[in-house]
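Peer 1: Dock chains B, C, D, E and F against chain A, hints included.
Number of protein chains: 6
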Amino acid sequence: MVKGILDHEVGDQVEKFLLVKSSTKGTASNGKPFLTLILQDQSGDIEAKLWDASEEDEINYSAEKIVKVLGDIQNYRGRNQLKLRQIRPAAPTDAVKLSDFLETAPVSKDEMTSKITQYIFEMKNPNIQRITRHLLKKYQQAFLEYPAATKNHHEFVSGLAYHVVSMLDLSKAIAGLYPSLYKDLLYAGVILHDLGKVMELSGPISTTYTVEGNLLGHITIMVNEIGKAADELGISGEEVMVLQHLVLSHHGKAEWGSPKPPLIKEAEILHYIDNLDAKMNMLDRALERVKPGEFSDRVFALDQRSFYKPSFHK
Amino acid sequence: MVKGILDHEVGDQVEKFLLVKSSTKGTASNGKPFLTLILQDQSGDIEAKLWDASEEDEINYSAEKIVKVLGDIQNYRGRNQLKLRQIRPAAPTDAVKLSDFLETAPVSKDEMTSKITQYIFEMKNPNIQRITRHLLKKYQQAFLEYPAATKNHHEFVSGLAYHVVSMLDLSKAIAGLYPSLYKDLLYAGVILHDLGKVMELSGPISTTYTVEGNLLGHITIMVNEIGKAADELGISGEEVMVLQHLVLSHHGKAEWGSPKPPLIKEAEILHYIDNLDAKMNMLDRALERVKPGEFSDRVFALDQRSFYKPSFHK
Amino acid sequence: MVKGILDHEVGDQVEKFLLVKSSTKGTASNGKPFLTLILQDQSGDIEAKLWDASEEDEINYSAEKIVKVLGDIQNYRGRNQLKLRQIRPAAPTDAVKLSDFLETAPVSKDEMTSKITQYIFEMKNPNIQRITRHLLKKYQQAFLEYPAATKNHHEFVSGLAYHVVSMLDLSKAIAGLYPSLYKDLLYAGVILHDLGKVMELSGPISTTYTVEGNLLGHITIMVNEIGKAADELGISGEEVMVLQHLVLSHHGKAEWGSPKPPLIKEAEILHYIDNLDAKMNMLDRALERVKPGEFSDRVFALDQRSFYKPSFHK
Amino acid sequence: MVKGILDHEVGDQVEKFLLVKSSTKGTASNGKPFLTLILQDQSGDIEAKLWDASEEDEINYSAEKIVKVLGDIQNYRGRNQLKLRQIRPAAPTDAVKLSDFLETAPVSKDEMTSKITQYIFEMKNPNIQRITRHLLKKYQQAFLEYPAATKNHHEFVSGLAYHVVSMLDLSKAIAGLYPSLYKDLLYAGVILHDLGKVMELSGPISTTYTVEGNLLGHITIMVNEIGKAADELGISGEEVMVLQHLVLSHHGKAEWGSPKPPLIKEAEILHYIDNLDAKMNMLDRALERVKPGEFSDRVFALDQRSFYKPSFHK
Amino acid sequence: MVKGILDHEVGDQVEKFLLVKSSTKGTASNGKPFLTLILQDQSGDIEAKLWDASEEDEINYSAEKIVKVLGDIQNYRGRNQLKLRQIRPAAPTDAVKLSDFLETAPVSKDEMTSKITQYIFEMKNPNIQRITRHLLKKYQQAFLEYPAATKNHHEFVSGLAYHVVSMLDLSKAIAGLYPSLYKDLLYAGVILHDLGKVMELSGPISTTYTVEGNLLGHITIMVNEIGKAADELGISGEEVMVLQHLVLSHHGKAEWGSPKPPLIKEAEILHYIDNLDAKMNMLDRALERVKPGEFSDRVFALDQRSFYKPSFHK
Amino acid sequence: MVKGILDHEVGDQVEKFLLVKSSTKGTASNGKPFLTLILQDQSGDIEAKLWDASEEDEINYSAEKIVKVLGDIQNYRGRNQLKLRQIRPAAPTDAVKLSDFLETAPVSKDEMTSKITQYIFEMKNPNIQRITRHLLKKYQQAFLEYPAATKNHHEFVSGLAYHVVSMLDLSKAIAGLYPSLYKDLLYAGVILHDLGKVMELSGPISTTYTVEGNLLGHITIMVNEIGKAADELGISGEEVMVLQHLVLSHHGKAEWGSPKPPLIKEAEILHYIDNLDAKMNMLDRALERVKPGEFSDRVFALDQRSFYKPSFHK
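Chains as they are written, first to last, in the UniProt record's numbering: chain A, 1 to 314; chain B, 1 to 314; chain C, 1 to 314; chain D, 1 to 314; chain E, 1 to 314; chain F, 1 to 314.
These aren't lab readings, by the way, just hints derived from the structure by calculation.
There could be a bad hint or two in this list.
As the list makes no split between identical chains, a pair holds if one copy fits it or if it spans any two.
Derived lysine-lysine pairs resembling DSSO-like cross-links, with alpha carbons at most 30 Å apart [stated by the list, open to error]:
#, residue 1, residue 2
1, Lys151, Lys115
2, Lys314, Lys228
3, Lys228, Lys25
4, Lys228, Lys21
5, Lys138, Lys183
Okay, chain A solo, but in the shape it has when bound (with noise of 0.2 Å):
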């Protein structure tokens, strides 16, 4: 496997295609302007400087555009800086495109859709299946391009399918060791609960929020949607009632943004497999690069702890 942009160590020289993540004007001590580029590919991202840069420059070298790069790994204040030698736009004969460039999900779409299809084919209640199925498929191509939040977890193309598949598979494991709990409802709550990221956010790529996203959010926009879906489909019985409290509910507490916490068994497990899901991919990724005797860097999202692989894991 070629090596990515992060694998490589201070003092490399390196030669490749990039994606310009970010690109913002500053003007240098000396009075010019200059450009702080954000650069990426599929192994992460790095900082560089190109310093007086003209009005082409600018457009060249915006976000999304794809370029062609030399230069240095260094380091600067910690953190690797590409000290840039030489830079140019792709052309079309460099036979590059945006999604060599982007982090993506592990598994397929078209094994994730089959993966869902299979769960909501299980379902029993008709009312619980008939919702699920009609929402999914009304947002079905964004639910399987969009990242499942802006940074912190799943923030790459597929995150949110990705995500609800792994919480798929934790429900069944868990279900199964719990007859108690009512499968129809906990597959329906995991397959729901984040959908309304696809109007909160703007897309797969630069995520920001959308206008509603910030005035409503992604759990008000699925509860109105749950209820429009219920609607249109001519179903009236509680079902819809307790779906909508599971995607209510699913954040657990006021505070996290649930203005109702759990108080269905499955919406309370619901919020726990999210959570647990979430927290195994962030320590994945923060421990992916770490050597077994190190602590790796603090990781926000988990109270900015700072996680050690012990010397005896290898």
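Peer 2: This is chains B, C, D, E and F only, laid out in the frame that chain A set:
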């Protein structure tokens, strides 16, 4: 005006009709059953014990029955209690009716209706006006009868509408002083903010929470209703989302039940006006029987504070 | 199956053997002594008053005695109470024994022992395996009899072992889905995490805290024990410190009793698995007598929440 | 009206007089000194760098000096900056004066004075009236010039008096709707509540905290002043203590600086009116340059929220 | 020494004079009035019921009356109670006086006065010395009789002066070890810090809060008094403000009632010394009747902790 | 005494030996490497930039090297900086040694040793005495050299022992005033409370946390050590558990790192004495360079407070 049950002092003998607010059966230390009755009129409620209660008594003196009593006001553990000498169920010939015993708003339903109608009439934005009018009409009957809460403030018949009318007057006064406020939004926010209570609560008497009230809450219920109203009226402008945001955020903070804090000026002011009117209502009720130079009882929803009426405030 | 004391309804007359859980002397308003008895069988416990109690009664009906009663189920202040008609101490000829009245885990000690033994057998790291086996063996008898807590969850005979077995099964299922987890650590963490309770608590019946339990707590006690075990077994690898860290951090946060938060992946997951199994246990117990469409009693250790059983969940 | 420095866009060339708000010396990477100047007019302030600064420059371009600049508006790290081409100190012949560059209340001192005088005139309680008049007169000059705070709200010349006048108008409107309020107390509380700021703060320009401000704070300072005023005027009624309580409690909670929470109705309402006027001021300033359909900058004192201006709010 | 009422055990018969601390009327289940009396001597207090109480009894056995009782110590719901056989009001010929029944400091007023006088005499800064002496003299009589609080610590006659004397001795010892401390400030801070309690509280017996105590609190009262004292003595140095700051900040944090935290070294240390002496007093009282190897009752003001007396601590 | 690097003012030229505390490489805007050096002597540390740094420079001027510098004190962004003119590594002939540049306790190791020995000698309880002596002896060398913390208080060579000695003196003074305190426990608690720091921290210079320090912490480490010591000495009395409790609880609250709060009187007082001595140390250091009438820098560990030195405190 006739003296209410709370207007009597220890030692008074009273003879009057009262409404049974609740009735609980217990067993005395002699092994015989007794009833603990909470009896009310428009001035408030008082506890009474009915010793050696028969099964017939249990039926005759259950909640929402009206009774005629003769008894003495006593002090028991620092609170007034009614020591019963005689009690009998009200007869049809007594010509007393339920509403005589319920505390109710000091303004008539008609007056409130016409005032609110006038505020809606003054709105200039047709989308806001149509949604507000539609929802008010849909739930008008309950809106005019429900209390604003089960306890703490405006917990009386028509309390919800009375709270809304007071807030509308406050909104008008404040918008007169700060002309940058968008009046239509403020008025609509006031009218809709607590309207979901007609589904969250069980009704104007012996008010409890419905299952929907417990699992979703009045905020989420009304946000959904605004979405439905817009669909039915064929309205799709940003006004829909903004009205939903005003309702969603009117508790001010996540830990107080709003998953999004106010992010629009009128939403912030709506939260303030709601609070101010609720506090004035609680303060007035806490202080109405307090003499100058004395402290009120502790007010639960005002951080358990006990308020002082200055001795120069005659 | 024979009806337990909690399976009766108000109005039923019952005649059965019960265990005295506690007995408290009081003075009635007529000046005579009486006993407040809490009587239990495997279904739960109920209060009963024994009026005009003699000194002999005090002795005969003290904690851990078995009695034969005849009485009526009554409602007193919203809770069921047993009104005694007759009571007598159990005689040897009654052929009843203590364990008939104690709630106990639904799996036998032998089954649990063999399951845990199998998990230890699967460990590949000899240091972890030897320490775990050594400590389990040292405290095996108490481990198989103690509850996991004095209240809240798994508060029954053999509750501690039952909790551990459930967590081991959960660990296996989760490690199957997230292969980066180091199974040996997870299994050892599960087995040792609460083992200190056999010194923190007084025993399986009428459980209270020991002085050592109050002053040091089960976490510190077990961290010390791991150090001693390593000394005795001549083990000095990093595994000792890491196992101590897993036990030390398993409450997750300083304010919950862990002076260090989890700083190793398996420690974080151990905390989650512990929580998840405890919550499932509490939820199942809270909901087991609740009918579809109703709310449970408030559950103290689940933030005083009252849980709803959906009406479609037959 | 002449364009202020904040009314220009990136790329504009500007030539105008500005006031030096602050000047800080630094050393560039070439080892030479430079000045970081914050330059302001009534529209707000902007940063500029003066490279290769001489010792004379340091003196000429220090805080509170007026300068004439020629330069270009640039963007540096997301914020506007003024790139200097020319700079010179203002000369007497330039006929510019300090007050031309300071933001000030939109109402004249005379107007404010006459309005407040009228409110005092309306008071009926002579003790309250005399104390209020006495203290206002004692500190009148500073009261009319000081800001209400060093930042967050009303942080401009005469901001304190302007805040008081707005609050008086609000008080009148609210007291009109809730007639149980004691107007004299409310008006006096408004006028006195922040008057201690004339001793807590250093003055209307480059405002900092005095030693007394740091060690005692404006609340304690004014409570003491009320006591002294009463002594000097020979007033001994309960009004003295009640006015002290209003000032003492106007921050609402201990953690916000009030050792006693409001325990009198008018004290509670004073706290609300203070908050409401401060929030309106912050909201208006945050939104005044925001276009419909956009979000404001984050507002520090409003919990870092960023406010949205609806697109239909032209 | 004569046995106090708390020194008896269940089963003892007692005959002695006691002071009525409080008397509350109730109605028994037979409908007749009874009195709940709290009776005290210097060892503490005990509850007693007087059944079938006449109106005369109500008057004879009201708060602050002295009575002669004959009765038996009983256990009621885990607490000792006095079962009355006979009770009569004390007669003049009984030659008992109020102060015989009140707990009081273990050091005489004269001793305390001479000790404090000595500390004031040692002060070298005349401004600090004069203000301290002036205020102590002004309130000396009450200072020597008041308790330091209504509950928690030093809640006995002369408790305030006793607390101050202990703190002065502590100050001297600590200043001896840390010579950078300014002794005059520390001594003055100790003497003045709680002196406002003589106005905040009602008096040494049946102590409650005054209106001024509720609305302003002892901290604000004393800060005002220091200002007045300085005016009267014609002192204007920074010592005035610094002494006010010491009193103002001695609770340590805003949420504990100090609007400013300690910002001077001696203010910080004063807060510590105050805390340390209060804690020692509470600990000694909690443990004085506890046997080695046992736990004390829970102490409310020490976070509800129950303290252990080691078994080797004879 | 020779002036330390912190005793100079802006504009001074200095020539002196300094120790490199840390050295970080960066890249200047001209693309060339430079070193940011933190240089220290016993008075404190200062930053210096070494521009155009060669690879040799990087080696010569790395952490723990001693250098000779010639340069000027400048102000950069409000803090002093050393502008280098010349720099060279110290040569053997310069006759300077590491300990000349390290801040160290003001009392010699011998003096501290003999003082602590005396306190141990005074103990009367042989179990407490033997455990304390054993552990002190085991770690004596490190104990006499380590700091008490990496920052905040006593963060200098021998800081740990110095802190312990001050606390012992405080203990003696306090126990003199409150004779109910058990001196042996208090002295042993003081000596052992932070002894685990010799394993938690890396050493007296460039102090960091060890892996054991991160995963277990000094409290748990020392609780284990007390258990081991008792085993080795064959001591089994309650003293072992009580000493463990004193160490375990000395941070006072769970959120501050003590899984059990102090539950023994001497444990509570130990927590206080620890705090008091740490605060005095921080206050003295914060104020030692502050002139009367000025405020200190903000002190991080004292809630970011800035302390005032009264102008009359010469």
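Peer 1: With reference to the structure, classify each hint as holding or not holding.
Peer 2: Structure-based check of all given hints:
no. : hint               : verdict
1   : Lys151 with Lys115 : within (26 Å within a copy, 41 Å between copies)
2   : Lys314 with Lys228 : between (52 Å within a copy, 27 Å between copies)
3   : Lys228 with Lys25  : neither (45 Å within a copy, 46 Å between copies)
4   : Lys228 with Lys21  : neither (37 Å within a copy, 40 Å between copies)
5   : Lys138 with Lys183 : within (23 Å within a copy, 37 Å between copies)
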